[in-house]
Amino acid sequence: MDPNPKKPNIPTPDSAISNGSTHSYSLVPDEVLEKVLSLVDSHKDRNSVSLVCKNWYNAERWTRTNLFIGNCYSVSPEIVARRFPRIKSVRLKGKPRFSDFNMLPRDWGADVNPWVVMFAKVYPFLEELRLKRMTVSDESLELLAKSFPDFKALSLSSCDGFSDDGLNAIATHCMSDLFPFEESVEVAQIMVEAVADCNSEFVLRCREISVSNVKASSEEGRYSTEKSMVSFLSRFSTSWTYSKVVLLDVSFLEHEKRNLTELNIQDNGTEDIGGGWLSCFPDNFVSLQVLNFASLNSEVSFEALERLVSRCKSLRVLKVNESVNLEQLQRLIVLAPQLTELGTGSFMQELTPRQYEDLEISFRNFKDIQALSGLWEVTSLYLPVIYGACAGLTFLNLSEAALQSVEFSKLLAHCPNLLRLWVVDTVEDKGLEAVGSSCPLLEELRVFPADPYDRHHRHGVTDSGFLAVSHGCRKLHYVLYFCRRMTNAAVVTIVQNCPDFTHFRLCIMNPGQPDYITNEPMDEAFAAVAKTCTKLQRLSVSGLLTDLTFEYIGKYAKNLETLSVAFAGSSDRGMQCVLEGCPKLRKLEIRDCPFGNAALLSGLEKYERMRSLWMSACNLTMKGCMLLARKMPRLNVEVIKDEESDDSQADKVYVYRSIAGPRQDAPPFVLTL
Amino acid sequence: METNMVFGNDLNLKATELRLGLPGTEESEQLQSIKNNKRSSSEMDLASQKGTGKQESEAPAPKAQVVGWPPVRSYRKNALTKRPESDATGFFVKVSMDGAPYLRKIDLNVYKNYLDLLKALENMFKCTIGVYSEREGYNGSEFAPTYEDKDGDWMLVGDVPWDMFIVSCKRLRVMKGSEAKGLGCL
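Protein chains in written order, with full-length UniProt numbering: chain V, 1 to 673; chain B, 1 to 186.
No wet-lab data here; the hints were simulated from the structure.
When the alpha-carbon atoms are kept at most 20 Å apart in a straight line, the in silico EDC-like pairs for lysine to aspartate or glutamate are as follows:
no. : chain 1 : residue 1 : chain 2 : residue 2
1   : B       : Lys150    : V       : Glu327
2   : B       : Lys170    : V       : Glu377
3   : V       : Lys88     : V       : Asp150
4   : B       : Lys170    : V       : Glu350
5   : V       : Lys623    : V       : Glu605
6   : V       : Lys367    : V       : Glu357
7   : B       : Lys94     : B       : Asp107
8   : V       : Lys121    : V       : Asp138
9   : V       : Lys44     : V       : Glu608
10  : B       : Lys150    : V       : Glu299
11  : V       : Lys146    : V       : Asp164
12  : B       : Lys150    : V       : Glu350
13  : B       : Lys150    : V       : Glu377
14  : V       : Lys35     : V       : Asp45
15  : B       : Lys105    : B       : Glu148
16  : V       : Lys535    : V       : Glu443
17  : B       : Lys170    : B       : Asp159
18  : B       : Lys170    : B       : Asp151
Quick caveat, the model's predicted, so the values are computed rather than measured.
Can you make the complete structure from the sequences, with help from the hints?
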């Protein structure tokens, strides 16, 4: 199959330009335009380019190689296939984000299969597939494994639906059946020389090597050794050999390795899918660079893992799961000191002093390590083994390790170059003070709750911890903070210290909780965020909030793209302010707020410029949703029926723009209006 | 109780109105706006009435769990279950005693160290376990306390630090007689 389908010669008359004047860009030859456009990477820029004129639209569609689809239902596989003929890498997202928190029933949709089927037909040279919140069946993975000889990278983030069998298929077929190109050229040249020298023995040997790698039934692979040398040689003439080389039509210098380099599985659910897949990588498979199975529960064969790590010399990212213990970790990391990212297994094991020392030395031997994660069940006893790897660390993910402030502070003293830090709130405010003093370069902080349902009444982190971080880390621009107490004054000071926030996600875990000192609503806090942080792209609000918060957001947050609201607002006006005021809004997700039909309908024109709107447990009725659907035919207005609620209420509403029309695969509980 | 003398001619419906909330408290604007759906409990409405300025001096009522709130991913394990000593709901393990007709259960959270635990076991089974020594275990005693750890191995109680024991202990068994003496002879 031709890797570069040739573009048909479409005449491009200048008269296509409606206003009649001759614009300079119409004089640019297509080849030049395509050359320039092939350097444009950002899909947003490409979308703009495609709107300029028909010429540019065509040039853009022929040069686009990376496909990004933020909502798999906004477009159909057929439409995509028609428009973009040369796709090599795909990023596809499915379910709305609230599905992460069990708010979507099972079997809601976002099945990747129709996409994989289409890709197999239209993009046989696909190299990368990155999926988020999609249902991926084993059948899809099997089809994927067998259909793309150039396939390099598979990333599954928050996906479900697959098991050991699917991953099995990926591992088994991770190597292309075809002979690596460089080697085939070499063999062909050698064979040609041998033929010229009448060195039949040599020719036969070359043939054996190439046959052992070519499983496909090509015409040269089926000779038995009994066949006469003459008839064999007659097929292997010089011209034939070179013709095969030429047919591949890929220049020697451009060609890349044809085997799997990345298998990345993140944030998988808790389903137990089995661990046999890891043993399915062939013994001669050596090209793996990224392997992440940290979120898969099952035990894998350690022997297979060790062998895999030992032969994949280019491995730079290795994140194992909890089933790997410290002793096993030690054996792995001595094989791969070149790692840039390491996810450890469980730290719950008793080590002898000798083993402890060995582990310490191994961590010190990492010269290039930038990211560390895993660390399940690590205690103050063994945490220090990692100190030797911390000097150059830029990302430390302790979200699986419930550290206390003392051991955490000691650890941070070794990590002056941290840019991103994820911790659990067991470190408390004292731990965050250490962050402020030890990590001046910090740009991103995520604090997760150890006890989200407040069963143990732990202290967690509060306003003072956040304040301490903001004093010490002036470059902070991304925060996700779960807490039980917050004040307006603290947030005002925090954003004064760190005005460059692009992502501000504050979760006061008790719904509708006011400022704990003044008992006022938290309006002033988010007003300050909206006003001070001019670059704000993403905002999650919480606590007791009136419509005032949303007035401020609508008035000041001009760069806001994503807004998440829960248990907030006083009336429809709140939502209206946001819909009227935020020009760049793309995703709006709302739950348990007093916004009704009037608010929903105030955003009619807005929704076509957004990716999606989610509203659950608000005051929407079926009538309101049907009205929206009727007025805006290019939107899909979907209501997810809840058995318990009465028929007039619309409990879960998902609205999104789509050029593919209503979903064909909607389950019975999803009504498209 | 609210007295609505102001509404003299009124049937004083407000005073007899059935509504959620403590008697004598005002229903605030905010309360009305938070939709009282079937998933949240009345405790949540109570919590939102802090606008009255009352100090929350009582211990917080057990909060009803709302679906999908707080927004943490389900796979993110509750890190506290790994540290059962801080688990307020208790960390119960089975205790078997050789020769006893039935097993017992104890809450490991209740004890601060090995001394407490052994005393409790001695009390429960009316036996003398004695003092632990690194060299000889519980030599001299007819009984030896053992436990099954996470790997499924049976270990002598007392060898590892208490913190580590708490996390790795799955069940206890008090060995008796010659088996017990055998450990001490090692």
